[in-house]
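J.: In order, the protein sequence lines correspond to chains S and A.
If you use numbering that gives the first Met the number 0, the first sequence corresponds to residues 0 to 240, in order.
If you use numbering that gives the first Met the number 0, the second sequence corresponds to residues 0 to 249, in order.
The reader is advised that the hints may include incorrect statements.
[Said to hold, decoys possible] Straight-line alpha carbon distances no greater than 30 Å define the calculated BS3-like cross-link-like pairs of lysine-lysine that follow:
hint, chain 1, residue 1, chain 2, residue 2
1, A, Lys11, S, Lys108
2, S, Lys108, S, Lys140
3, A, Lys11, S, Lys140
[To be verified] Derived CB-CB ranges, DEER-like:
hint, chain 1, residue 1, chain 2, residue 2, range
4, A, Glu245, S, Met168, 34 to 42 Å
5, A, Val131, S, Asp71, 55 to 63 Å
6, A, Ala31, S, Leu16, 23 to 31 Å
The set of hints was computed from the structure by calculation and includes no laboratory data.
Beta carbons are placed, not taken as given, at the ideal position from N, Cα and C, and that holds for glycine.
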Amino acid sequence: MTATPALLELASVSRRLSGRAVLHDVSFSLRRDDVVGLLGVNGAGKSTTLAVIAGVLSPDAGSVRIDGRVLDRTIRGRIGWVPENVPLWPELTVTEALDACVRLRGLPKAARATALARELSRLDLEGVARRLCGQLSLGQKRRVGLAQALLHEPDLLVLDEPGNGLDPMQAAQLRERIGRLARGRGVILSSHDLAEVEALCTRVVILHAGRVRYDAPLAGQCGQLEAQFRAIATQPADAAA
Amino acid sequence: MSALTVARIDLKRLAVRPFAWTLAGIALAMMAWQFLLGVSAFMHAQPIVPGPASGPGFTDTVVAPYLLNFIQLCLVIAPLVTMQALAGTRGTRLALLSTSGASSAQIVLGKFAARLAFLWLLLLVVATVPLVLAGATHPDWGQFGAALIATALCVAALTAIGIACSAFAPEPALAATAALLIGEGLSLIDAGVRMAGGAGGWLGYLALHTHLAPALRGLVRSEDIVYFLIVIVLSLALAVRRITAERERC
Chain S
0 MTATPALLEL ASVSRRLSGR AVLHDVSFSL RRDDVVGLLG VNGAGKSTTL AVIAGVLSPD
60 AGSVRIDGRV LDRTIRGRIG WVPENVPLWP ELTVTEALDA CVRLRGLPKA ARATALAREL
120 SRLDLEGVAR RLCGQLSLGQ KRRVGLAQAL LHEPDLLVLD EPGNGLDPMQ AAQLRERIGR
180 LARGRGVILS SHDLAEVEAL CTRVVILHAG RVRYDAPLAG QCGQLEAQFR AIATQPADAA
240 A
Chain A
0 MSALTVARID LKRLAVRPFA WTLAGIALAM MAWQFLLGVS AFMHAQPIVP GPASGPGFTD
60 TVVAPYLLNF IQLCLVIAPL VTMQALAGTR GTRLALLSTS GASSAQIVLG KFAARLAFLW
120 LLLLVVATVP LVLAGATHPD WGQFGAALIA TALCVAALTA IGIACSAFAP EPALAATAAL
180 LIGEGLSLID AGVRMAGGAG GWLGYLALHT HLAPALRGLV RSEDIVYFLI VIVLSLALAV
240 RRITAERERC
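Model the full structure from these sequences, guided by the hints.
T.: Encoded structure:
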């Protein structure tokens with residue numbers, strides 16, 4: 000029996016930014032239906048890791064593979080990325096912004112309307128479809144960002160701090176949505192919120208000073224995660240080397 | 000397709016911003032004033048212009064200087080319209096375009112096309128103003144067409160320079176300042192030589208004036224068209240190179 004390749008596989012990825020090594024030898028993988036939580040203190044390299052996975056940054060060394068194929072421009076189309084600061088055009092309405100994204104993705108005309116209607120409905124955006132993106136609340140902006148990332152039905156969803164700045168109610172709704180969206184695809188998200196990771200993720204990867212310090216399934220480890228995270232996060236950066 | 004989509008997004012953004020409308024309003028008001036001044040000067044000069052068959056006509060004395068004024072106005076307007084094209088979309092918004100599948104060339108071309116469409120629309124409105132007197136005067140349509148082609152190409156070159164500056168500058172204000180300086184530099188580079196009455200040489204070839212003057216007299220030369228195309232292609236190529244490097248580095 001041959002094992003199916005992981006949906007996402009990072010192998011010894013390193014990346015420097017502004018002359019500083021931000022990621023060292025980062026390796027982990029993700030399978031379909033997995034929700035992987037990327038934890039770490041500020042500056043641990045979470046956002047850089049996600050940007051490398053999304054194809055926004057290329058690794059200096061190592062490789063990123065999707066379904067066994069090295070990440071390139073074609074494969075990038077199978078990824079949906081929502082950065083921490085959701086990039087929106089404030090002068091466009093929600094419908095116009097999503098229509099622009101679906102055109103940029105190069106979907107055929109018939110598929111465009113379907114994709115747009117599907118995401119407006121899936122993320123409860125019908126009520127704000129005609130509102131300008133610049134006038135939306137943070138929670139609504141996050142949902143528009145998710146809709147932008149989902150228009151082309153990606154296999155892998157990359158979410159950078161999706162719950163950041165949301166009130167508890169909005170955060171709970173977002174968690175529920177992400178849980179639903181994970182079915183049939185892979186999700187990787189970064190977070191500072193251990194409770195969010197425990198509630199949502201099937202696996203957790205802890206980064207410290209640009210290195211993977213912990214990578215394990217989350218099932219049955221509730222409560223231990225915080226202790227584990229504290230133990231790693233309080234280590235000096237050079238101890239991670 | 001992606002370049003067209005980027006252009007559509009940017010045109011829409013320009014259309015809903017008060018900044019673009021204010022700029023267009025001010026430009027049109029200034030051009031209307033310039034046109035009235037030109038017509039007034041033409042009316043006063045009429046009785047003393049000798050020989051109606053060979054003397055300067057309406058196109059020479061009103062239309063050509065009027066279009067030249069528009070180009071001078073564009074030295075300021077083009078940097079203002081282009082300054083936020085790329086300098087204002089750093090970071091995630093540029094990344095959004097990139098991850099959506101648009102290449103650097105498509106992003107730059109789309110943004111250039113949107114700004115150029117806006118400025119050419121302005122030129123179209125400006126160019127229709129002299130036509131209101133077409134019935135009462137005898138415009139030289141050939142000269143008018145040649146001047147219009149040169150003006151359109153010059154506006155495209157200034158827009159491309161603005162896009163390049165926007166790609167290189169981190170802040171929109173810096174981009175506008177750089178584009179203004181380059182535009183004014185190209186406009187004045189051979190001013191000293193011209194005032195001394197000498198031939199421009201290579202400085203003269205670089206100057207905008209050298210390539211505008213023949214067209215404003217009704218002469219479309221291929222070397223002038225090539226000059227404007229070189230400026231456009233070079234500026235856009237530099238912008239594409241910069242955006243590609245930035246996407247790789249950021």
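J.: Hints first: check each against the structure and report whether it holds.
T.: Evaluated hints:
{"no.": "1", "hint": "Lys11(A) to Lys108(S)", "verdict": "holds, 20 Å"}
{"no.": "2", "hint": "Lys108(S) to Lys140(S)", "verdict": "holds, 25 Å"}
{"no.": "3", "hint": "Lys11(A) to Lys140(S)", "verdict": "holds, 20 Å"}
{"no.": "4", "hint": "Glu245(A) to Met168(S): 34 to 42 Å", "verdict": "holds, 39 Å"}
{"no.": "5", "hint": "Val131(A) to Asp71(S): 55 to 63 Å", "verdict": "holds, 57 Å"}
{"no.": "6", "hint": "Ala31(A) to Leu16(S): 23 to 31 Å", "verdict": "violated, 52 Å"}
When the structure is compared with the earlier hints, a violation turns up for hint 6 alone.
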